[in-house]
Amino acid sequence: MIPLSWYLILAAGLFSIGLFGVLARRNAVAILLGVELMLNAVNINLVAFWRYGDVALMAGQVFTIIVFAVAAAEVAVGLALVISVYRRRNTVVAEELDLLKW
Amino acid sequence: MNFWNDPLKVAADWLTGIFVGWGMNDIFAHVLVVFLGIFVLIMILMVIDIFLVWIERKVVARFQDRIGPNRLGPYGLIQPFADIIKLMIKEDTTPDGADKVVYNLAPMLSMMSVLILWAVVPLAPVMLGVDLNAGVLFIIAAGSIGTLSIIMAGWSSNNKFSVIGAFRQVAVMISFEVPMLAVMLIPTIFSGSMGMNTIIQSQNIWYVFLSPLAALIFIIAAIAELGRAPFDLAEGESELVSGYNIEYSGMKFGMFYAGELLHAFTFGGFWGILFFGGYRFFGLEQVSPFLAIAIILFKALLGYWIIMWVKYTVMRIRIDQMLAFNWKFLTPVAFVLVMVTALMNAILRDAGSWLYVSGMMLSNVVVAWVSLEVVRAAGKKQRVQVEGVKQAAEAHH
Amino acid sequence: MTAEQIIFLIVGAVTLLSAVLVVTVRDLVHAALWLVATLFGVAIVYTLLNAGFLAVVQVVVYIGAIAILFIFAVMLTRRQTAADTGAALNKNWWAGALMSVLTFAGLAYLLQSWSGFSKQASAIPSGFDAINELGGALTSPAGYVLPFEVASVLLLAALVGAVYLAFNKK
Chain L
11 MIPLSWYLIL AAGLFSIGLF GVLARRNAVA ILLGVELMLN AVNINLVAFW RYGDVALMAG
71 QVFTIIVFAV AAAEVAVGLA LVISVYRRRN TVVAEELDLL KW
Chain Y
50 MNFWNDPLKV AADWLTGIFV GWGMNDIFAH VLVVFLGIFV LIMILMVIDI FLVWIERKVV
110 ARFQDRIGPN RLGPYGLIQP FADIIKLMIK EDTTPDGADK VVYNLAPMLS MMSVLILWAV
170 VPLAPVMLGV DLNAGVLFII AAGSIGTLSI IMAGWSSNNK FSVIGAFRQV AVMISFEVPM
230 LAVMLIPTIF SGSMGMNTII QSQNIWYVFL SPLAALIFII AAIAELGRAP FDLAEGESEL
290 VSGYNIEYSG MKFGMFYAGE LLHAFTFGGF WGILFFGGYR FFGLEQVSPF LAIAIILFKA
350 LLGYWIIMWV KYTVMRIRID QMLAFNWKFL TPVAFVLVMV TALMNAILRD AGSWLYVSGM
410 MLSNVVVAWV SLEVVRAAGK KQRVQVEGVK QAAEAHH
Chain C
-5 MTAEQIIFLI VGAVTLLSAV LVVTVRDLVH AALWLVATLF GVAIVYTLLN AGFLAVVQVV
55 VYIGAIAILF IFAVMLTRRQ TAADTGAALN KNWWAGALMS VLTFAGLAYL LQSWSGFSKQ
115 ASAIPSGFDA INELGGALTS PAGYVLPFEV ASVLLLAALV GAVYLAFNKK
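Protein chains in written order, with my numbering: chain L, 11 to 112; chain Y, 50 to 446; chain C, -5 to 164.
Derived from the structure by calculation, the hints contain no laboratory data. It cannot be assumed that every hint is accurate.
Stated by the list, open to error - Cut-off 20 Å, straight-line C-alpha distance, at most; resulting in silico cross-link-like pairs (DMTMM-like, lysine to aspartate or glutamate):
(1) Y/LYS107 <-> Y/ASP132
(2) C/LYS85 <-> L/GLU106
(3) Y/LYS360 <-> Y/ASP281
(4) Y/LYS58 <-> Y/ASP75
(5) Y/LYS209 <-> Y/ASP145
(6) C/LYS85 <-> C/GLU(-2)
(7) Y/LYS209 <-> C/GLU(-2)
(8) Y/LYS360 <-> Y/ASP75
(9) Y/LYS209 <-> Y/ASP281
(10) C/LYS113 <-> C/ASP21
(11) Y/LYS430 <-> Y/ASP399
(12) Y/LYS209 <-> Y/ASP114
(13) C/LYS85 <-> L/GLU105
(14) C/LYS85 <-> L/ASP64
(15) Y/LYS58 <-> Y/ASP132
(16) C/LYS113 <-> L/GLU106
(17) Y/LYS149 <-> C/ASP21
No experiment lies behind these values; they were computed from the predicted model shown.
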């Protein structure tokens, strides 16, 4: 049988990789890709805690579903923002979007 | 338990016995037998697929008042084999600047998305791959892999026509998934399960009698999902030559083509499963599993024939008309229908079966009538607007 | 090693590898396709955790909608169709790498000092239907009906907001 630790380490690894993507990528769409990885890592944790705790308590699965909804909302709004920025400024590179920086 | 009552289990036990007799590990033998089962199922499906080419060509010929393939073998039955040999020995081209890995992966994914659908198709009461308790969702999940394969094919071909075709097709597929999933919830409400086998088992009365509107919406959404006429705007021969698969040749094109045919056949089968009782036909399925398989294949062929009938009768519509049709008509109607059905189910759950059926059917008729009236009123308003503008333009001249 | 463990190790390795490719590959369409591979890996992890329904939902929502949306967005925001210009990572990427390694180390340290870290799963009781339980939990007032409704309102708001933002005002 697989101990809980394996899932937690996998999730931690996925979360750190996602964090690296968010911090290091230049393209705004790629930053959103990193956020997706982090959300998936959270989901693995939630489902693993559901399975290794009391399975009759559905909180883990319920919040996984809610994270799905939040991820979908985040992607829809995030990509709409990226596309709208691209229309005005003709770039999606995060460091070139520096109008608020003086 | 003998072979004729449960052929799958008997054959599996027999094979496992042989493998274990050879000194194999128990688990390993079991896994091997499962893999062999999958392999055999895929082989049978591919053979069916070959004959679907013949059926399609023969039927389209009849619709167009021709005879169709008739030279090779009786009724041209050998023709599809000749077609396949031709496809295989054709030159396999890859366009300049194509993304090679993605380009080669796309046809495989397309075929795969169709083949994995058969994992949840119950062929007989005792013969099914997995009785997945999320079977209805699984169909949509497989469809999303198909969507992915199309966008991969369109993008990797390095051709603007294929990208436009892929965009159109993917927009259509994602949109029509919504009403399709909504109406697939209606058999789920009736049977209380998302598992395909449970849905079939609980159809003492075919669900098409309980919810004819749902069956209609399902087949419309399925045709759109398949990308067949009148929704074949990905191909759009006159504008896009062949849509997302324009750059593919030889067997890679063949895989898209065969995948499309098998997909249509499969959705004919799902139509039969969800609304026409699947393998059930007046208790005949209890006689022998082989009879049950024959019944479900017959229903799938009938559904496939109806899809072909629509394809060769109705003309292609424009992309904006099609998306408007989905978002402004089909999706709201499907959602309203799900809500009405759930409500009626809650009210009539304890009523007698005749009251239940007639109540459900009546609610369907009411929903259909109201939605048609709304559409008619909107159409009238628009016509007045357009004709008013036209008269104004004439007055100006 | 049991078969389950071997499957987990293979799936986990593939998932992490494709995740690394998601954040490092320069061509963004490739990054999105690697994201699809990662998401498939996560779906298989769900099945290993006996959450088959969530695995199917993962494929429907993430691969069928979110990954496709990403590919659309990448294609709509390109300067050239041939290839992305410029480097994939910004010039402070080493700081990001340091941060993520530190995060991983910190998480691993915290987790291994927790008593339930190497817990084994108890068997699922027979007759336990996860979908049924989940449906009940999502819709019963004693369960999670409020978060569920809030999530649906959030989705609606996101839908309206996305349409408003991306709409091309003429």
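Quickly compare the C-alpha distance for Y/LYS209 and C/GLU(-2) to 20 Å and report which way the hint goes.
Violated, because 45 Å separates the two Cα atoms, which is more than 20 Å.
Pair hint outcome, Y/LYS209 versus Y/ASP114 [Cα-Cα no greater than 20 Å]:
36 Å, violated
Mind checking the alpha carbons of Y/LYS360 and Y/ASP75 for me, to see if they're no more than 20 Å apart?
With a Cα-Cα distance of about 50 Å, the restraint between Y/LYS360 and Y/ASP75 is violated, given a limit of 20 Å.
Holds or violated: Y/LYS58 to Y/ASP75, with C-alpha atoms at most 20 Å apart:
16 Å, holds
20 Å limit on alpha-carbon distance, applied to hinted pair Y/LYS58 and Y/ASP132
37 Å, violated
C/LYS113 and L/GLU106 were given as a pair; does the straight-line alpha-carbon distance stay at or below 20 Å?
48 Å, violated
When you check the alpha-carbon spacing of C/LYS85 and L/GLU105, does it fall within 20 Å?
10 Å, holds
Going straight from one Cα to the other, do Y/LYS430 and Y/ASP399 come out at no more than 20 Å?
It is violated: about 44 Å lies between the C-alpha atoms, which goes past 20 Å.
Is the straight-line distance between the alpha-carbon of Y/LYS107 and that of Y/ASP132 20 Å or less?
Given that 20 Å is the threshold and the Cα spacing comes to 14 Å, the pair holds.
Please work out if C/LYS113 and C/ASP21 have their alpha carbons no farther apart than 20 Å.
41 Å, violated
Run the distance test for C/LYS85 versus C/GLU(-2): straight-line Cα separation, threshold 20 Å.
42 Å, violated
Holds or violated: are the alpha carbons of Y/LYS149 and C/ASP21 at most 20 Å from each other?
Measuring from Cα to Cα gives roughly 14 Å; hence the hint holds.
The earlier numbered hints that this structure contradicts are 6, 7, 8, 10, 11, 12, 14, 15 and 16.
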